[in-house]
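Participant: Residue numbers (my numbering), protein chains in the order written: chain A, 8 to 228; chain B, 8 to 228.
There may be inaccurate statements among the hints.
For identical chains, the list gives no copy identity; a pair is met inside one copy or between any two copies.
Taking lysine-lysine and the DSS-like style, the derived pairs with C-alpha atoms no more than 30 Å apart in a straight line are [as the list claims (entries may be wrong)]:
no.	residue 1	residue 2
1	Lys171	Lys75
2	Lys204	Lys46
3	Lys142	Lys40
4	Lys61	Lys214
5	Lys142	Lys50
6	Lys46	Lys225
7	Lys171	Lys77
8	Lys182	Lys225
9	Lys36	Lys75
10	Lys36	Lys225
11	Lys204	Lys182
No lab work stands behind these hints, which were simulated from the structure alone.
There are 2 protein chains.
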Amino acid sequence: MNTLNTIVLTEGSQPPKKPPTEELSQIWKSLIKFGTKLKLERKCYLFRAGEHNKHVYISLSGYLMLTKNKTLLDIVEPGQSLGAALLNSGNSIQTYPVSAMSIDQSEVLQLSAEVAFDLMNSNPLVNEYFIRQFKDRMSYLQICRSIESLPVTNRVAFFLLQKKSLLKNTTITRKMIAQAVNTTQETVIRTLANFEKQKIIEYAGRKIILIDSSHLEKLCL
Amino acid sequence: MNTLNTIVLTEGSQPPKKPPTEELSQIWKSLIKFGTKLKLERKCYLFRAGEHNKHVYISLSGYLMLTKNKTLLDIVEPGQSLGAALLNSGNSIQTYPVSAMSIDQSEVLQLSAEVAFDLMNSNPLVNEYFIRQFKDRMSYLQICRSIESLPVTNRVAFFLLQKKSLLKNTTITRKMIAQAVNTTQETVIRTLANFEKQKIIEYAGRKIILIDSSHLEKLCL
Chain A
8 MNTLNTIVLT EGSQPPKKPP TEELSQIWKS LIKFGTKLKL ERKCYLFRAG EHNKHVYISL
68 SGYLMLTKNK TLLDIVEPGQ SLGAALLNSG NSIQTYPVSA MSIDQSEVLQ LSAEVAFDLM
128 NSNPLVNEYF IRQFKDRMSY LQICRSIESL PVTNRVAFFL LQKKSLLKNT TITRKMIAQA
188 VNTTQETVIR TLANFEKQKI IEYAGRKIIL IDSSHLEKLC L
Chain B
8 MNTLNTIVLT EGSQPPKKPP TEELSQIWKS LIKFGTKLKL ERKCYLFRAG EHNKHVYISL
68 SGYLMLTKNK TLLDIVEPGQ SLGAALLNSG NSIQTYPVSA MSIDQSEVLQ LSAEVAFDLM
128 NSNPLVNEYF IRQFKDRMSY LQICRSIESL PVTNRVAFFL LQKKSLLKNT TITRKMIAQA
188 VNTTQETVIR TLANFEKQKI IEYAGRKIIL IDSSHLEKLC L
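With these hints in hand, go ahead and build the complete structure from the sequences.
Facilitator: Below is the structure:
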């Protein structure tokens, strides 16, 4: 299946002059010089695991899920990169190790992996940006692995705390939480109901609001 | 606790002229110019999670475990880096996110994180090496997370296949496998006994030998 069927691409669309985050301000000009803006509808694949491609992306707006098999590996926020595994792949054909799908309507900056890698080697700030991306994602994955053996309540608490800012800006479904902490949707529903009863969280429509973060933090020690 | 108590440091020891792997041959001279060789006895901490430090390491010989809490995150082989999370940390005080402990007697090249980061920015091949290190470790972590929900037999099969070359060169204990695939030692013992009965593996002393890799591969699909 081709991703081009699933993304809504505004061809040749100019990327915004303003970077999505302050962190990118010093390198934004260099990045958008070679980049194109893509628009994605809700629940569209930007790429799928195993696909051949030569692009690296930076999220401009909206949130995207990184998944592998049925596991939600991470949620990408504006300013973060996607597909950086293709950087530095030389001329060998490389495939994405994970899939990326938009949670809501999203925009991304698309860069050729080759161009992005040249920029890394010629501009220390671009290099620093991508290295920070690798480090942050690796660190999150390491923490996720290290809490695998904790009870599900603690894993849900960890996820809610780690993704605090996301809860405010997008709808994290129970299914997503289940896929992130490796449990069933039913268990997540039960866990969240308990948190609600204990006044640790509350709901505003479908959005989860953290009321007592310190309680969640204690569950993560 | 200070790591200096646990590592046996041969002060000012010259790193070897020959790199541990072919991959490092082109950048070895630049790396050893600024590096020192450290020797570690069996089961010694090179660093512990949360420690302040400013060093990045490359394994020269022997195998080291990366752990966090009680999870075995990965096993580092000669030629691979450790502590690269401290690269690019500027002047801010950074701590190691994980611990590193030698499995058997080991040697590592110690580099100041600052010097290593300067080398990355001035030498594209050094940059490429460290990016590859990040990518490889991230990719392994992503796969580990994505198989979390598989039965323990499949997770053990995955671990044995991923760490095939290690099995030949060092002793992987049942405890290590248990910590890597998030199960009990008893379950690992039972799983390996089943594999032995089915002639998928056999033992040479304490070493596990893979006889029928294709069977293990089927368990990883």
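Participant: Hint by hint, note whether the structure agrees.
Facilitator: Do the hints match the structure? See the list:
| no. | hint | verdict |
| --- | --- | --- |
| 1 | Lys171 with Lys75 | both (23 Å within a copy, 23 Å between copies) |
| 2 | Lys204 with Lys46 | neither (40 Å within a copy, 55 Å between copies) |
| 3 | Lys142 with Lys40 | both (26 Å within a copy, 26 Å between copies) |
| 4 | Lys61 with Lys214 | neither (36 Å within a copy, 42 Å between copies) |
| 5 | Lys142 with Lys50 | both (27 Å within a copy, 26 Å between copies) |
| 6 | Lys46 with Lys225 | neither (40 Å within a copy, 39 Å between copies) |
| 7 | Lys171 with Lys77 | both (22 Å within a copy, 26 Å between copies) |
| 8 | Lys182 with Lys225 | both (24 Å within a copy, 28 Å between copies) |
| 9 | Lys36 with Lys75 | neither (33 Å within a copy, 39 Å between copies) |
| 10 | Lys36 with Lys225 | neither (43 Å within a copy, 48 Å between copies) |
| 11 | Lys204 with Lys182 | within (20 Å within a copy, 39 Å between copies) |
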